[in-house]
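J.: Heads up: the protein sequence lines correspond to chains A and B, in order.
The numbers in the numbering used here rise by one with no breaks, and the one at position 250 of the first sequence is 865.
The numbers in the numbering used here rise by one with no breaks, and the one at position 184 of the second sequence is 198.
For the record, the hints were derived by calculation from the structure and aren't laboratory data.
We put the CB at the ideal spot given by N, CA and C, even for glycine.
Capping the alpha-carbon separation at 20 Å, the derived lysine to any residue pairs in SDA-like fashion look like this:
1) B:Lys60 to A:Thr906
2) B:Lys67 to A:Glu907
3) B:Lys117 to A:Thr906
4) A:Lys669 to A:Lys737
5) A:Lys891 to B:Lys104
6) B:Lys33 to B:Cys74
7) B:Lys67 to A:Ile898
8) A:Lys912 to B:Gln90
9) B:Lys104 to A:Asp827
10) B:Lys104 to A:Ala870
11) B:Lys104 to A:Glu886
12) B:Lys67 to A:Glu895
13) B:Lys104 to A:Gly894
14) A:Lys845 to A:Ala887
15) B:Lys104 to A:Ile889
16) B:Lys67 to A:Gly894
17) B:Lys104 to A:His885
18) A:Lys800 to B:Ser147
19) B:Lys60 to A:Glu895
Now the stretches of chain A that chain B is said to cover, found in silico as 3 or more residues with beta-carbon under 8 Å:
20) 899 to 906
21) 913 to 919
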Amino acid sequence: MDKTTEELLGIVSDWSGKFNGAYNIRSNGQCAGRQSSENILIENKEGAPGLVIKIKPGTKGETVYIPACVTKGGIDDLVYNDFYVGEGADVIIVAGCGVHTDDGHDVRHNGIHRFILDKGSKVLYKEKHIGTGAGGGAKRIDPVTEIIQGEDSYLEMDTIQIGGVDRTFRKTSGTLGKGAKLVIKERILTDKEQRAETDFAVELNGEGSAADIVSRSVARGNSYQEYHSKISGNAKCKGHSECDAILADNGKVNAAPELFAGDLDAELIHEAAIGKIAGEQIIKLRTLGLTEEEAEKKIIDGFLRG
Amino acid sequence: MLEIKDLCWSLETGEEILKDVSLKVPDGKLTVVTGPNGGGKTSLAKLIAGLEKPQKGSICLDGEDITGWDITERAQSGIAYAFQQPVRFKGLNVRDLLELAAKRKLNEGEICELLGRVGLCANEYIDRVVDASLSGGEAKRIEIATVLAKTDSKVIVFDEPEAGIDLWSFSSLIEAFEKLKSDGNRSLLIISHQERILEISDYIAVIAAGRVSKFGTREEILGGLMNEEKAVRCPLGKDKEGNPNG
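Sequences are here, hints too, so could you generate the full structure?
T.: Here you go:
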């Protein structure tokens, strides 16, 4: 692995020279290291670039890391990773991604992740994205996440784009069975001429299923963000989505939430708020001794931390 | 010492709110500014903290003219300000605010002590986000704890600290003020109508119709008002509509 890859791994997946447990490191489209554990098996996917990750039923307290980095301009990396989470398992999956270019060529990572959760399983899925490098080429990350949740399963997706990504299209879909629960926390920071599009589509098909989607974003510079979510309540279920955006400079945000109730007992709520930082928040922090710039940074950092 | 001299402040509409207000806030003492609603008390507090700029007059701290200083400069020079309506933040939690005020990391014991002084249990609040999920009383107590955490302050201005606080917490608040007062190293300026706060004051200034109508020790002011207005339940005057305060 080159130095840039190691630095990016540290940012997106808490890499500190090694991972404990199962992992697969993808660097510039190649496998740069892999290890399975007794309970988590990582294999190549047949017929397409990527992995099949099988987590045994009942696996508890393990973390599997599958970070990917692209550090050379001109690479367009496409990968398909399928996760099969066995009944009753309770694991953490870390799948950060960093893209870097120092030349004029575009760089892109397109990770298509599919999660199939068996009955009663529980997953915390952490995804951190960043773009770095002084090159003029566009830095792109286009993640696709497909989630299929069995009875009483739980998935929490914690996804954050720290910055430096010029273009991103983030597509997430979920299909939930009886009693399943999906929680998504998305945070996106864009600046300069960057553009970010997010699309969530969740089908609440099982009785007692629930989804909670919270998206927080900050659009600075001349950046533009587009948010679309659709929660479909097709059974007795609960769905909540929340889109909060802070605008700074000439940032623009278009939020289009959508709810579909296909069952009389579906309870669906959407909340949305877009605006600049409230002046009183800055004043409050200034009365504690912070400058206006320090106050703005603290407010944005806190907002994105969630 | 905080010294306010001939301070005038008007709204953009031209309505005069403060008219030649002069006031000396004695060092290490608790001074309560009271008076009818609409009399200009909160405006005075905002002018001291730098949230508003006067059209005329001066504000001096320890002999230095700070009238032209902005909010940050005043805070850094030792003026702390507790808002009447606490500000909510999506994302910042109680620990964040206390540490920003203290300008350093605080351990759990220190946070517990600060929150305990305003009647909050630290375990329940230390990681609570200071957003709309807090009740008005909770937010108010956290606001006051934040000001208490700012240990470099020379003058602390509390704008109606009793507003939105239940009786039990109010007792904790009185204890916190008494402790601050007994420490004697900071001047306290409290905007309040509350009798119990008046009772623990060293000095009282009465502001009515934009002017300081009375200033003196607690005994002088409360005793004088009792004599003057025995027939009125609350001795502190009437608001714009002629209703007695209390």
